[in-house]
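Take the sequences, apply the hints, and build the full model.
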Amino acid sequence: MKHLIPKQIIEHPFEYLSLALFFGGAVFAFFFFTYDAHSQRRVVYFTSAGYLLWSLYHHYRRGDLHLSIFIEYLVLAALAIVVALFTLV
Amino acid sequence: MFRKLKLLFIPHPANNHRAILLQPLSLALLIGVYLLNQSFLRAFAAVRPGVLGYSSEITIQKVFDQTNQQRANEGLPQLKFNSTLAKSAEAKANDMFQYNYWAHNSPQGKSPWDFFKSAGYQYVTAGENLARDFYDTDTLLSAWMKSPTHRANIVSPKYQEIGIAVVNGTLNGVKTTLVVQHFGTPLDGLVRDDPVQNFVASEQESAVQGVVSLPASNLISPHQISQIVGLVLFGIIIGVLFVDGYLALTRKTQRFTGSNTGHIGFLIIIFILLIFSQQGSIF
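If you read the sequences in order, they're chains Y and B. Going by the numbering used here, the first residue of the first sequence is number 1, and it counts up by one from there. Going by the numbering used here, the first residue of the second sequence is number 90, and it counts up by one from there.
Each hint should be verified, as a subset may be incorrect.
Claimed, not checked - The calculated lysine to aspartate or glutamate pairs, modelled on DMTMM-like cross-linking and capped at a C-alpha distance of 25 Å, are: (1) Lys169(B) - Asp203(B); (2) Lys169(B) - Asp277(B); (3) Lys341(B) - Glu11(Y); (4) Lys206(B) - Asp227(B); (5) Lys341(B) - Asp64(Y); (6) Lys169(B) - Asp227(B); (7) Lys176(B) - Glu146(B); (8) Lys341(B) - Glu15(Y); (9) Lys247(B) - Glu146(B).
Unchecked claim - Covered, in the sense of this in silico footprint (three residues per stretch, anywhere, with C-beta under 8 Å from a C-beta of chain B), are these stretches of chain Y: (10) 17–25; (11) 29–42; (12) 50–59.
Rather than coming from a laboratory, the hints here were simulated on the basis of the structure. The C-beta atom is built at its ideal place from N, Cα and C for all residues, glycine as well.
Dropping the structure here:
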């Protein structure tokens with residue numbers, strides 16, 4: 001079973017734990033603002049920005065912070081923001 | 090053909106050990122596809138107004154009863170229904186449909202207080218709650234009660250009277266129901282108690298010519314379309330990330346990419362938020 005756990009999680013458990021806690025906070029904030037689409041959109045923007053910042057720290061620590069990797073995170077965050085922008089209205 | 094499809098979803102030396110769908114250019118293309126879908130929806134709403142929309146079973150009586158129920162729960166006196174306030178609320182809803190806006194202040198610079206004055210209501214204190222796209226009164230009231238500012242109007246001891254409008258119409262090409270609550274305390278101190286039954290949900294003619302409104306049950310919800318397209322997109326990406334991550338792990342592939350675990354976590358969170366996104370908004 002252990003071989004199915006990605007190596008990166010075993011090597012950086014606290015980074016992934018902090019990410020999980022951050023996502024948990026985002027879910028809590030989203031439900032706290034039920035029916036307030038403006039605030040819910042802000043939660044998605046904040047979560048996307050937070051994930052982008054986490055990726056910078058995570059890959060810097062791993063020593064593989066490259067532009068191509070940053071762009072991958074940037075595009076994923078942009079996708080989440082675009083979908084939230086049109087769904088949470 | 091099959092090989093190309095495989096490269097789209099499965100990591101392989103030919104796609105640099107990363108499913109093509111997960112590469113930044115493909116993800117950017119998916120953003121383009123989503124934006125194209127939204128542009129199509131907007132163009133459709135403009136060309137065929139009244140086809141997209143939200144059905145509703147909200148009535149003035151239900152909103153009035155449930156508002157007073159909330160006040161009773163707080164031990165506050167009941168609000169009396171005032172027909173002048175109801176007229177100002179209806180004028181506000183009609184104005185939003187006529188000038189295609191969704192706000193307390195109109196693009197022409199009219200504030201809520203202008204509608205109170207135009208209807209002839211002189212007040213000591215007054216307030217306004219707005220809602221759109223809700224299907225039922227229970228959900229609408231719980232949305233208002235969850236918002237501190239709207240809740241403050243509903244359970245304010247300052248107000249003695251209320252006027253409510255529930256108006257169906259077409260806003261930016263989308264058929265919907267606007268609900269307006271106008272609260273007030275009369276300047277002359279004479280609190281009226283008009284019958285609510287005289288006021289029924291009304292239908293506002295759209296400012297846009299040639300509106301063909303479908304029956305409420307046949308309306309296609311733009312929120313639902315956006316939600317489903319978003320969920321399908323995220324579902325596909327999450328699935329491909331799982332397969333890509335699993336194969337990279339079992340094959341022990343070394344590559345320079347983002348963290349699949351992080352991506353899956355992030356997208357699952359957004360997926361959950363999309364599932365629970367609600368139809369209906371308040372202002």
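Outcome of the hint check:
no., hint, in the structure
1, Lys169(B) - Asp203(B), "holds, 22 Å"
2, Lys169(B) - Asp277(B), "holds, 15 Å"
3, Lys341(B) - Glu11(Y), "holds, 15 Å"
4, Lys206(B) - Asp227(B), "violated, 31 Å"
5, Lys341(B) - Asp64(Y), "holds, 17 Å"
6, Lys169(B) - Asp227(B), "holds, 20 Å"
7, Lys176(B) - Glu146(B), "holds, 21 Å"
8, Lys341(B) - Glu15(Y), "holds, 22 Å"
9, Lys247(B) - Glu146(B), "violated, 30 Å"
10, 17–25, "holds (count 3)"
11, 29–42, "holds (count 7)"
12, 50–59, "holds (count 5)"
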